[in-house]
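Protein chains: 2
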Amino acid sequence: MDDTHIRLAHGNGGSYMRELIETVFARHLANPLLNVQADAVALPAMEGGGVVMVTTDGFTVQPLEFPGGTIGSLAVHGTVNDLAVSGATPYYLTLNAFIEEGFDIARLERIIASLAEAAREARVVIVAGDTKVLPHGEVGGLYLATTGVGVRAQHLQLGLDRVQPGDAVLVSGPVGDHGIAVLLAREEFGLRGELLSDAASVFPLTQALASLNGLRFMRDPTRGGLATVLHEICRATGLEVRLNQTAIPVREQVAAVCEMLGYDPLFLACEGRVVAVVEASQAPEALTRLQALPQGREAAIIGSVNAGRAHVVLQTELGGERILEELEDDPLPRIC
Amino acid sequence: MDDTHIRLAHGNGGSYMRELIETVFARHLANPLLNVQADAVALPAMEGGGVVMVTTDGFTVQPLEFPGGTIGSLAVHGTVNDLAVSGATPYYLTLNAFIEEGFDIARLERIIASLAEAAREARVVIVAGDTKVLPHGEVGGLYLATTGVGVRAQHLQLGLDRVQPGDAVLVSGPVGDHGIAVLLAREEFGLRGELLSDAASVFPLTQALASLNGLRFMRDPTRGGLATVLHEICRATGLEVRLNQTAIPVREQVAAVCEMLGYDPLFLACEGRVVAVVEASQAPEALTRLQALPQGREAAIIGSVNAGRAHVVLQTELGGERILEELEDDPLPRIC
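As they're listed, the protein sequences go chains D and H.
60 is the number of the first residue of the first sequence in the working numbering; add one for each residue after it.
60 is the number of the first residue of the second sequence in the working numbering; add one for each residue after it.
Chain D on its own, in the form it takes in the complex (with noise of 0.2 Å):
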């Protein structure tokens, strides 16, 4: 195999995964944390005195570069999210890469850069890596693991057990971009769009909800798209949420795509959006913070908690009610 391709001696501790790690990693991923000779890194005291956060997310996209991101950024944003709808602010994350020999080495770099990109928007570092190399047929092509480490405001508490009757729900953007960016990305369903995949930090977004008084829980609708994540509402309060279906933000592209598929936009995963639960009287208050932010634009009240049967109704177009079952089959795998 030539130099151009990642090799099984690439993973193997030795000179070649050195010059990999130097060459790739860290030349792209350098900051004063990061040091690829150490077995664990020293955190510098992270401001406010607040409470450490951490999560960790994987990531196996299909294809592994999109419109609107690649796997590397997504790995970024999906855990800088975690963190964020928890109401923490993001500091450091770690980064483990399982790559598939044979793979492109200039596309492991695009990936990086991209990785690395996302990571200064955000304002992250990547303090510590992994990298671990598997052979040809495993592993199509690269996973990523990142986990994040953030501090959240000792005050501030959120949670599915703060959820009351009569709260709002909102969302901060249309729903289902990047799950269908994704979906047209993949030669095998052979349509074409302009679309590009919501993927973003959606740190700006919670940040503006966080001193709101009234603030009950945050999420962001990754796979199993806005409806699991009001299925979780329901199992872990016991009330109902009730969504205006009119009210609800969903691209025309979007739409049209998922008609012509037979999928359901609030299944679909977005990789930018938050959802929020906030007392009543506060959610004009939220949605003007959220349609403040360029991110946030088409922000909306989307519905309602209530007492009654846990469940999630839809009250649609034409005046009608439909239950959104909770999702089994997955209409869209390997879309994070």
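In case anyone wonders, no lab produced these hints; they're calculated from the structure.
Virtual Cβ for every residue (Gly too), placed ideally from N, Cα, C.
Everything hinted at is true.
Short derived list, chain H residues pointing at chain D, Cβ under 7 Å:
{"id": "1", "residue": "D98"}
{"id": "2", "residue": "V110"}
{"id": "3", "residue": "D189"}
Given the structure of chain D, go ahead and fit chain H onto it with the hints provided.
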């Protein structure tokens, strides 16, 4: 597919995934911090007010179960050990699983139970996790990644930059056990043996050394083995490492298999050993402390760091000298 094997739907964010996480992961890993419904988890303040340390590692060992461990226990020991050799007390782990469609759920449960057992022994808790399911034919069954968080005493300064000419090099026990135990567990070799992997937490060993004046540097010799750690010392310091071959502990069975198959035990992975560099006058005390622990009974002073060319020299049994070259091709892939 029946209910006893992993389906793609176990990874889609819906009801199958929730059930898998509750019945397999959460049941075995249960602890007050783990909240499978949260996006991120708040870490209680860690004792001692020291420096927060973080590290991450991926695991792809084949076979997934081997004498002395599983990929699950290894995923605990590997990351705990990276914290330990950096001088930290390990507290928290996060866990990523990449599981192949069709994987036997009973086997997954055995592996997660062994992971949970290793975590209890090492006194760390799993605080967050993520699971991805990949199509049949990818992943080689199961990959894991763990990220560890610990605390290092404020005053403790360890690192390759502290290594000085004249320092002594110690190893805490026989080298190559893990590599050979995994190799023997691979049916392809048609060999059988009683040998167990040395995989274990090295924290008791590193804790015993941490209070020693004159401790310069510790590392666990995993991929690439003892020799690769010594090459890292040479490269970072520009100094020579001189080894006394007869002093290096190698089990008879490891030596025999190595001779038969043409491996060098100095390049084989350990998963429960520590290499320590200490100021020469402190070496006897370091040895005493290691040998006082069950895991360190066969510890030895194996060489020294010297001014001279930056290479690893092995003084052989017969009085000759041999330069240990840096590892290029992988002698034994998928060892961790």
